Each structure stands twice: as structure tokens, then as C-alpha cells.
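Residue numbers (the working numbering), protein chains in the order written: chain A, 6 to 563; chain B, 54 to 415; chain C, 5 to 296.
Hints may contain errors.
Here are the simulated BS3-like cross-link-like pairs (lysine-lysine), alpha carbons at most 30 Å apart as the crow flies [unchecked claim]: (1) K514(A) x K173(B); (2) K531(A) x K186(B); (3) K65(A) x K102(A); (4) K514(A) x K400(A); (5) K118(B) x K213(C); (6) K102(A) x K159(C); (7) K492(A) x K158(A); (8) K153(C) x K173(B); (9) K123(C) x K116(B); (10) K216(B) x K159(C); (11) K546(A) x K186(B); (12) K153(C) x K152(B); (13) K118(B) x K531(A); (14) K116(B) x K153(C); (15) K282(C) x K119(B); (16) K216(B) x K284(C); (17) K102(A) x K153(C); (18) K186(B) x K514(A); (19) K213(C) x K216(B); (20) K123(C) x K119(B); (21) K118(B) x K19(C); (22) K152(B) x K159(C); (23) K325(A) x K173(B); (24) K216(B) x K282(C); (25) K492(A) x K417(A); (26) K514(A) x K216(B).
Facing chain C, according to a computed beta carbon distance under 10 Å, are these residues of chain B, among others [stated by the list, open to error]: (27) N145; (28) F193; (29) V225; (30) P251.
Rather than coming from a laboratory, the hints here were simulated on the basis of the structure. None of these values were measured; they are calculated from a predicted model. Every residue gets a Cβ at the ideal spot worked out from N, C-alpha and C, and that includes glycine.
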Amino acid sequence: MNKKIISVILCLAIGVASGLVGCGGVTPSSEVVDSTKSQLHIGVFDAGFGTRFIESAAAKFSERFKDYSFEPGKTGVQIHIDPKRSYSGSNLTSAIKSGNNEIYFSETVDYYAMLSQNSLADITDAVTTPLSEFGESKSIEDKMYDQGVNYFKSGDKYYGIPFYESYTGIVYDAELFDDNYFYLGNGGEYVNFSGETIDGRNVGLTAGPDGNSDTAFDNGFPATYDEFFELATYINDCSMTPFIWTGQFPYYANWVGTTLWTDYEGEDNMYINFNVEGTATDLIQSIDGSGNITYMPETAITEDNYYLLGRQAGRYYAAKFLERVVRSGFYNAAYSFSPSTSQLVAQQQFLYSNRLNNKTPIAMLFEGTWWENEASGTFREMASKYANSSKTDRKLGFMPLPKATSDKVGQKQSVLAIGEAAVVVSATTKASIMGLVKKFIQFVRTDEMLADFTAITSVPLSYDYELSEDQYNNQLTYFGRTVWDTKRNSNVVYPISIAPLYLRNQGQKLNSGVLWDAIISGNAVKYMTSYYRDNPAATAKDYFEGVVRDYESTFRAA
Amino acid sequence: MAKKGVRTKRGIKADNEERPNAITAAGAKVKGFLKDGIYGCKVAVHNAFSRNKKAKATSMSSKAKKDMIFYVLMMAYPVLYFLLFYVAVNINSLSLAFKNYDIDASGRHYAIWAGFNNFKNIFNEYTSSTLLKNALANSFIVYLVGLLAVPLGLLFSFYIVKKAFGHEFFKVMLFLPSILSSLILVIMFKYVVERLYPAIMQEYFGREVQGLLADPNTRFGTLLFYNIVFSFGTSVLIYSSAMDRIPDPILESARIEGVSGIQEFWYITLPLIFPTISTFLIVGVAGIFTNQFNLFSVYGAAPPSPNMYTLGYYLFAETAYANELSYPRLSAFGILFTAVAVPLTFCVRFLLEKFSTKGAEF
Amino acid sequence: MVRYKEKGRSGVSNKIFFGFLFTVLTLYVICLLIPLVWGLYTSFKSPNDWMINEVWPSLNITFENYVSAFSSMYVQVGQTYFYTHHLLMNSFFYALGSAIVGGFVTCITAYMVAKFNYKFSKIVYAVVVITMTIPIIGNLPSMIEITTKIGLFDKMWGMWIVNGAWYGMFFLVFHATFRSVAGDYAEAASVDGASNFVVLFEIMIPLVKNTLAMAILLGFIGYWNDYQTPMIFLQSRPTIAFGMYLLSTDPRVPFETVRITGGMLTILPILIIFLFAKNKVMGNLTLGGIKG
């Protein structure tokens with residue numbers, strides 16, 4: 006009996022020992038390799054955008070070149086897609102060295118770090134040669150914006166090209182706005198999307214933050230913070246909840262601040278943050294107890310006084326906006342600060358709230374433009390039960406944001422393209438398929454494929470391209486159209502540059518997803534909304550001064 | 054009442070059914086030793102030496118030789134283990150605290166002597182920020198409020214030992230949290246206070262409320278509550294086994310006197326198992342510095358507010374996401390906490406001993 | 005057991021006293037069971053039903069959350085994916101190996117110290133007691149350094165060794181047990197000419213098999229549930245507890261019901277073990293009273 010037990014235990018021990026070799030997880034091998042075709046491997050950062058866009062591009066490319074021989078003895082191409090969470094930022098910088106993909110579609114890319122470790126292949130000719138093979142006269146370089154050219158062109162060569170651009174801010178439920186007359190009509194009345202008041206008079210929509218009624222995209226939206234919070238109060242009075250955001254990832258709320266700050270500063274002032282040169286025109290010297298601001302004289306910024314940029318007035322006003330959001334209490338109380346509310350959960354609450362009787366409708370969600378694609382599963386689940394609820398049926402929009410002060414009304418909107426997304430080619434790519442790789446790169450940057458990406462993800466790429474009337478109206482969702490409108494009607498600021506200070510801090514403090522670190526009472530504080538709520542007496546002034554302190558401790562030479 | 058009187062021996066009829074007795078006896082011995090502490094050790098070492106002399110006097114038989122070889126063979130591993138993972142680890146920890154890492158041109162780390170710099174930096178960190186001050190205060194609050202669990206645990210154990218209604222069921226329920234993953238319990242509890250509670254308030258009271266962990270006014274209290282409610286498991290097992298060892302004759306005579314349950318608990322049980330309680334209290338002191346307050350499980354790497362930190366959480370979270378460069382600083386923290394925890398532990402022991410003697414006189 | 009008086013003043017106060025304790029205990033049980041029961045029936049609710057009704061069970065029972073949880077719960081290490089069954093296997097090997105190594109090393113060392121009256125044994129015993137009285141805090145960084153230096157870091161077998169700290173509570177338990185029996189049995193055996201090995205493995209260890217089983221079982225449960233140690237020390241062999249930690253924070257988990265289901269999935273194996281081995285796990289310490 007005793008021996009039996011001992012032997013059982015020993016057997017188990019032996020079993021365990023054999024476990025040493027077993028059970029190591031799996032490396033998913035790609036589909037069966039068709040050796041008659043050239044092989045192309047593409048790594049994709051597996052996040053909000055998913056993989057549908059690249060699957061679509063791969064299918065179209067394979068189809069188009071099915072009879073083409075890229076390598077001797079092979080016809081056509083087989084493309085393997087490898088989506089991974091780890092293909093971004095510094096993870097990609099190390100993964101690219103040993104990975105077996107030729108091309109990577111990624112974000113928070115540390116392009117110059119990869120370049121300095123010789124991980125990238127030269128794709129200059131693909132970028133600079135006109136895409137005449139695809140019936141276009143422009144090259145990829147021609148379609149790129151200056152900031153992209155400056156960043157990706159190292160010496161005379163290109164080792165990577167821009168990818169998507171996404172903006173952050175406020176998503177609104179257009180259906181709810183329309184049904185409940187939450188648009189602003191002339192004469193200070195609330196109207197529906199057609200400009201009609203509740204009692205049926207058509208007063209027309211206001212001209213919106215840009216002060217121009219010819220640009221329809223922002224008509225009927227609050228022009229100033231004050232108007233915005235009046236609207237929020239009105240929504241609240243209508244027994245609805247104005248705002249919701251994710252409590253698990255409190256930086257989403259910061260990102261609303263990022264866009265407001267960018268808009269306040271405008272292109273020129275904003276670019277100083279990344280280019281580390283230029284004259285800052287609105288640095289705050291001090292704010293007194295009653296909120297009166299003393300400005301510094303215009304200051305030329307260099308590396309030495311870069312820390313002064315923590316004082317940009319746009320930051321203060323953005324901080325003020327979020328202070329008002331929190332202090333108003335107009336947010337969904339159960340979810341917005343709950344550590345269990347992931348961004349998907351916030352999206353679900355937002356989307357379901359307008360379909361379920363037991364929920365208070367929520368008017369606005371703090372998110373980034375990628376959210377719609379991320380919420381695909383939620384749309385599917387909803388559509389399985391509720392009519393008119395699929396992604397294409399729902400009318401959700403990306404909101405033009407209001408101006409901090411009335412003197413800014415009329416200024417063209419500026420937005421920050423967060424993500425630092427790029428497409429790069431690995432230096433490990435075999436010479437024999439370099440031609441194929443370059444062809445693919447060119448193919449995905451044709452106007453047709455640029456539009457295809459936007460149609461699938463509702464998000465634009467960082468290139469200058471147009472959508473046809475048909476593509477805009479019939480391929481984009483309502484949300485996609487409002488995002489496209491944002492791109493078309495805004496100065497887009499790209500947070501990339503080759504300034505040494507920027508490159509040193511790119512992955513950390515100057516990552517476009519961060520930018521709001523502060524030091525308050527000696528503590529590192531990162532999130533405005535949590536800070537305001539945890540400290541009921543705290544104001545935007547406190548947070549602003551915290552950012553100033555953080556910039557001084559980070560960027561001021563000791 | 055002397056503790057030794059409580060511990061009855063039952064001979065050494067070593068059939069299998071009797072093993073548990075020895076275990077509890079051993080349990081009592083553990084407590085005894087913890088109580089006797091260093092003194093006990095001194096005696097043990099002293100005895101070892103004196104007996105050794107006798108052993109040397111006799112010449113080694115072949116059996117003795119075999120024994121010795123066997124002994125050396127079997128003890129080699131545990132001794133090596135101890136030298137490595139206790140002695141070396143702690144010495145290394147101590148030396149790390151006085152070092153700093155730097156990076157040379159090739160990106161490799163090398164250590165340099167830092168003297169008391171790490172400690173100075175900690176002190177600066179402490180004075181310049183509110184985070185560590187809060188963490189320190191919170192740690193003590195968590196510990197002190199956690200003491201509430203002690204009387205509750207004792208009462209529950211008493212209930213079980215007295216085989217009152219449903220005692221088997223309650224015993225299982227009290228033990229359950231200590232075998233279920235604390236992470237899962239925390240997650241489930243989180244969903245209850247963050248989703249179920251607001252949903253009920255909405256549905257049945259028409260009030261839109263925040264979750265108890267989301268609301269800054271309730272989140273600390275909620276975690277305190279969790280910390281107490283789900284902490285009984287092992288302590289109830291050990292208290293009740295200690296109570297079980299109280300000899301029947303004592304209880305019998307008390308019963309004849311007509312004592313009630315409360316009286317028995319207060320006048321007999323408590324004083325008799327006081328050594329067990331004090332062991333728990335003594336061992337618990339270190340918890341002030343190690344209790345993570347489940348923050349890591351609730352919030353992941355970033356708790357929403359510096360107001361919530363405890364020292365244990367701070368140290369673990371910093372270590373979990375640290376690289377070699379920050380080990381010296383973290384080790385300095387460890388050394389600092391140890392330097393406080395050791396005297397504090399002995400202090401608590403000293404006080405409890407005083408208290409228990411007084412109790413015995415009473 | 006001895007009964008209290010049923011009548012008179014002390015009878016009433018007993019009723020109040022135990023009645024009060026019963027109430028408090030019942031409240032405790034409710035606090036404990038709400039998350040578990042609510043979690044269990046929520047795991048069978050479709051996301052659409054969950055959005056309508058977070059409080060009560062749904063009549064449409066669905067397993068889609070379990071399917072989702074299985075596919076959402078994976079850990080990626082470099083180019084390798086660990087799915088639920090890998091994580092379960094890793095947990096199993098990690099917990100079982102650590103528990104067995106720890107249990108046996110503790111048991112055997114305790115036997116050696118108890119049986120052989122060398123001065124060294126006394127020192128070992130004294131040292132164990134000292135280490136138990138001195139709380140050492142924050143040597144985790146140092147531990148990481150040392151295990152990395154000697155090559156145990158991030159290895160399954162390395163963790164079995166690292167986790168096998170024998171100088172703890174169970175050492176003293178085993179020691180006391182062997183102290184009380186070692187003499188008679190070992191003498192008898194060695195008279196028969198049995199070698200030390202035979203005495204140890206065929207007589208002594210079987211004698212303490214219940215205690216050993218309990219040490220291993222408790223160890224197993226502890227290691228199974230622990231996500232923090234593997235998170236730091238065993239990054240390339242993620243366990244289910246760590247997978248669950250990731251699942252609880254992973255932004256990609258589609259619905260809250262899936263997270264709740266993941267929790268249910270992780271505690272199920274332990275609950276089953278506990279229900280079957282309840283008396284093994286709890287019995288020995290409690291019922292070990294000296295009372296007859």
C-alpha cells in the first residue's frame with residue numbers, strides 16, 4: 006500500500022520530468038507553401054485595424070500578378086500574413102532582426118533605431134519611380150506629405166514609407182443628435198440635422214468652429230468650449246448621458262486633450278514640438294489665481310530651451326476642457342472610471358445605449374478614429390438581434406472640436422495624426438524577391454488601394470489622395486465619411502521629425518500617445534481625468550503646471 | 054496557564070492514523086519556537102556542541118561511517134540550496150543596495166560602488182513626493198484594519214470547534230478563498246462591485262452610481278473590506294486546530310461551573326490559544342511591507358491614483374517592470390524595510406509576551 | 005463534545021452568541037458566493053443578454069463565452085503562441101514539479117535532521133527557526149539576478165528548484181513527526197540490516213505519506229494560482245494563471261462575459277480538486293486535535 010503510493014508519486018515525478026521536453030506552445034506555421042509561386046511574408050501589427058485591409062490588398066495583388074514571374078521558375082505569388090501584437094514600437098525593432106517577414110505594417114515605429122541597426126532594406130526606387138505600371142503618373146514620394154518625406158528620406162534613400170494616420174477625439178451618435186435636435190441652429194436654437202427646430206421651423210445650422218458655413222462638415226457643431234458645455238448640459242437635461250470613455254485606459258481621455266491642444270496651437274506652433282525649431286508664440290508665463298494668463302514673449306525654440314514647450318497655451322486650454330468634463334459630472338458614472346471598462350466595453354455601452362430601453366442613451370464617446378473597426382465584433386453581435394444596428398447602418402460621426410476661446414473661431418481645424426505608423430522592409434529580404442516586395446509596396450500605394458484601405462477601416466492613410474464621389478458615398482460608413490471630412494478640412498500635424506531631440510525621445514515622452522505626463526506634488530501623474538476626479542479641488546492650472554514641471558525635469562539640461 | 058500544559062502527548066504508537074497528532078504537536082512547536090525565538094536557537098546550538106563532544110569521543114564504527122556518508126549525501130542539496138537562495142540572495146541584495154549600475158559604451162551594464170546614495174535617493178523621493186508617504190500610511194492602515202480579521206477569525210473558529218449549526222459547511226466556505234486563485238476572486242469581486250452593484254442600483258433604485266472601486270470615496274474601503282473578508286482561510290484552520298487541543302477536562306469543569314459560550318470563549322479559549330494568536334500577529338508584522346493590497350490584480354500595472362499605493366504593491370510593481378539598472382534602488386528599499394520590519398517584529402513579540410504573562414496572572 | 009446548558013440565563017446568552025455568529029458567518033458566505041454564483045451563470049449568458057440584464061441568469065444558455073475565452077486566452081512569447089491547453093499544461097508541470105520537489109526535499113531534509121544527531125543537524129534546525137523569525141523584504145531583484153547568473157531563470161526545471169525552499173513551516177511539521185517516530189522504526193529496520201536509503205524511502209516516507217500528500221497538494225494549489233512568480237521568473241513558459249491575468253487586462257477581449265468566463269475556467273480545476281480532496285487539504289490540520 007505504502008509502496009504503491011510512493012511509486013505513484015515517483016511515476017508522477019517521472020511524468021513531470023518528461024514534461025521538460027513537452028508543451029512548448031506552438032509557432033503557427035503559415036499555410037501550405039505553393040512552391041510554384043514566389044513567397045511573400047507580411048507582418049502586421051495586430052491592433053484596432055485588424056487584418057482585413059491587408060488580406061484585401063494581398064488578394065488583389067495575387068490576382069493581378071498571377072501570371073507574372075517574379076523569380077525564375079516561379080509564376081505568381083503567394084502571400085502569408087502574420088498579424089502580431091508584438092509588431093510595434095521597440096518590440097518590432099528587435100523582432101525585425103530575426104523575423105522572417107519581408108514587409109511590416111506597423112505603428113509607433115522607431116524607424117531610425119531600426120535603420121541604425123541595419124535592419125531595413127533600401128526601397129528608394131520603389132518610392133521615387135512613378136506608378137506608371139498601375140496607370141498613374143505620380144510616385145509614392147509625390148503622394149507623401151513633406152513631413153513624411155523629411156522623416157523617411159535618410160540621405161537620399163528611403164527605407165520605409167508612411168502608413169495610416171488616426172486622430173483622436175470625440176465620436177458622437179449622429180442618429181441621436183438628429184432625433185433629439187442636438188445640432189446648433191442659427192439664433193441659438195437646437196435643431197436637427199436638417200436645421201429644423203423641434204416645432205418645425207427651419208433656421209439652418211450654425212457655421213461651426215471654422216466659422217464658415219460653406220464647409221459643411223462642422224456646421225451645427227459647437228464653436229466654442231462654452232457652447233459645447235451648454236450643449237452637454239442640454240443633453241443632460243434631456244435625461245441622456247453626454248460622455249463615456251474607457252476607465253481601464255485613462256489615456257483615451259487625454260487624447261481628446263491632445264487634439265484640442267493641437268487645434269489651439271495650429272500647425273506652426275504644434276510642429277515646433279517635433280521639429281524642435283521655430284518660434285513659439287503662445288507660451289504661458291504664469292496663470293494667476295483667477296485664471297488670468299500672462300504670456301511669455303515670442304521665443305525661438307532650440308534644444309536648450311525645448312522644455313519651455315510644456316508651457317504652450319493650448320495645453321492649458323485642453324486641460325481646462327477636461328477639467329470641465331469631469332467637474333460637470335456629465336459622464337457615465339458607472340463606466341468611465343471603472344478599472345473594468347476596457348475601450349471595447351465603453352464602445353459597447355455607447356453603441357447599445359441607443360438601442361436598449363433599460364439604458365440611458367449616451368451621446369459621445371472619447372475615442373480614436375480606429376475604434377469603428379475595432380468594434381466590428383460588437384456591431385456583429387448587435388446586428389444579430391437589433392434591426393438597423395450593423396456597422397453600415399449606424400450613423401456615428403467623428404466630431405469637429407470646438408475652439409477654446411471665441412477669438413479662435415474661424416481658424417482652420419488642426420489635428421494630430423497619432424500612431425507614428427509606417428511600412429518598412431526588412432534587410433533580411435532575399436535579393437531574389439526584392440522586386441516582388443517593391444512591386445507590392447507600390448501596389449498598396451496606388452490610389453485604388455489607398456481608397457480601399459480607407460473604405461475598409463474608415464481611416465485615411467498619410468498620403469495625399471482623393472476618393473471618388475462613389476467611393477465616398479457608397480463605400481464609406483457614416484463614420485468613415487466624417488473622418489475623411491476631418492482629413493480634408495484640417496491641417497494634419499504629423500508627429501515625426503529627424504530632430505535629434507525628437508529621435509531620442511520618440512519612443513517615450515514624445516510618443517504621440519503620451520505627451521501629457523506631469524509632476525504634481527512630487528508624484529508622476531499621467532491622466533487628467535483621473536487626476537481631477539481624485540483631487541476635487543484640483544484645476545487645469547495645477548495640471549498645466551505639472552506638465553511644465555515634467556518638461557523641465559525631462560528636457561532641461563541639468 | 055502555561056502553554057506546555059495544553060500540549061498533550063499521546064505516546065508514539067505510530068500507526069498511520071496517528072500522524073495528524075504529531076503534525077499539530079509540531080504546529081504547536083513551531084509557535085513555541087517562534088515565541089522562544091533566538092533564545093531557543095542559542096540553546097539548540099549549545100546543545101549541539103555539547104553532544105558533539107561525546108560523539109567524538111567514541112570511535113567511528115562502519116555503520117557510523119555509512120551514516121555519515123548518507124547524511125552528507127542527503128544534506129548536500131538542501132544546504133547548497135540554502136546557501137544559494139537564502140545566504141547568497143540576501144547578501145547580494147545587501148550589496149546591490151550599495152551599488153549602482155551604469156552602461157558602458159557597448160551597452161553592457163557594470164556595477165559601481167554607490168555608498169549610501171540609493172538610500173539618500175529613497176529619502177529624497179520620500180520627502181519630495183506624496184506617493185511614498187501615502188503608501189506608508191496606507192500600509193499601516195491596511196495592517197491595522199486587517200487586525201479586525203483576527204477576532205472574527207477566532208470567533209468563527211470557536212463556532213466551528215463547538216460544532217455549532219452548519220459548522221462543516223462554514224469550515225469549507227471559510228477555507229475556500231485560500232485555495233481559489235486570489236486573482237480570479239479579485240476579478241470576480243471587481244465585477245460584482247463594478248457591474249452588478251451599479252446595475253442593481255439602477256434597476257431597483259433608479260440611481261446611476263459608480264462602481265465601488267471606481268468611486269474615489271469608496272474604493273479604498275472596498276479593497277479593505279475585500280482584504281478582510283477573503284483572508285480567513287488558513288488562520289481559521291490553525292485557530293480551530295489550536296482550540297481543538299484544549300483538553301476536555303478543563304472545558305468539562307468549566308461547564309460544570311455553568312459558563313456560557315461567550316464566557317468560555319473569553320476566559321478559557323482565548324487565554325489558552327493566545328500563543329497561537331500572538332504567532333499570527335508576529336508573523337503578520339512583515340505584511341505591513343509586503344501586502345500588495347490586491348492592487349496589482351485589480352488595476353494591473355497602473356493604479357489610478359497615488360493615493361491608493363501600499364509599500365508592498367509599490368515594490369512589486371516596480372520590480373516586475375524593472376530592468377537591471379533599477380535593482381540597486383529596489384534592493385535598497387528592501388533592506389530599508391527589512392531594517393524596520395525586524396525590530397518591529399521583535400518589538401511586537403516583546404509586547405505580546407508581556408501582555409500574555411499579564412493575561413496568565415489574571 | 006461537551007454540551008452547554010440548554011436553559012436558564014446562560015442558555016439564552018448562548019443562543020444569542022451563536023445566533024449572532026451564525027448570522028455573521030452567513031453574511032460572509034453570501035459575500036463569498038455572490039461572485040462565484042453570479043460569475044457562473046453570467047458565463048452562460050450571451051453578450052446581447054448581458055447588455056440587457058447584468059443581474060439575473062438568462063434563460064438562453066449559451067457556450068459562446070467559453071469558446072471565446074478559449075480563443076482569447078493565449079500568451080505570445082516571441083514567435084510562439086501558448087493557447088489555453090498549453091497554458092494548462094505549463095501550469096500543471098510548473099505546479100506539480102514545484103510541489104513535488106519542494107515536498108520531498110522538505111520531508112527528507114527534516115528526516116535527516118531529526119534522525120541524525122549531529123551537531124550540524126542542530127545548527128540546521130536553529131537556522132530554520134531563525135530564518136522564520138526574521139522577515140526579509142524586497143530581495144526579489146537579487147533573486148532575479150542570482151537565478152539568472154546560475155542559469156535557472158526562465159526554465160521550468162529551474163523553477164522547480166527555485167521554488168523548493170525547504171526551510172519553512174512544513175519542515176518543522178515533518179521534523180516533529182519524525183522526531184516522535186524515527187527512533188523505534190529506524191532502529192528496528194536497521195537491525196534487520198536495511199540500508200539508510202531503504203529505511204528512508206520504504207519506511208519513513210510512507211509513514212508520513214499523509215502529511216507529504218498534504219504538503220504537495222497545498223503546494224500544488226499555491227503554485228497553480230500564483231501568477232506573479234511565473235510572470236517574472238518563467239516568461240517563456242506562461243501558465244494559466246498568468247494567461248488569466250493577461251486576459252483580465254487585455255484590451256482585445258471582446259465582451260465582459262468572456263472575461264468572467266475566463267475566470268470561471270481557471271478556478272474550475274482547483275474547485276474540482278478541492279471538492280474531491282477536501283478532507284486531505286483541510287482535514288489533517290484541523291482534525292489533528294489531541295482530543296479523543
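Could you work out which of the previously given hints the structure breaks and list their numbers from low to high? 4, 10, 13, 14, 15, 21, 23, 26, 28
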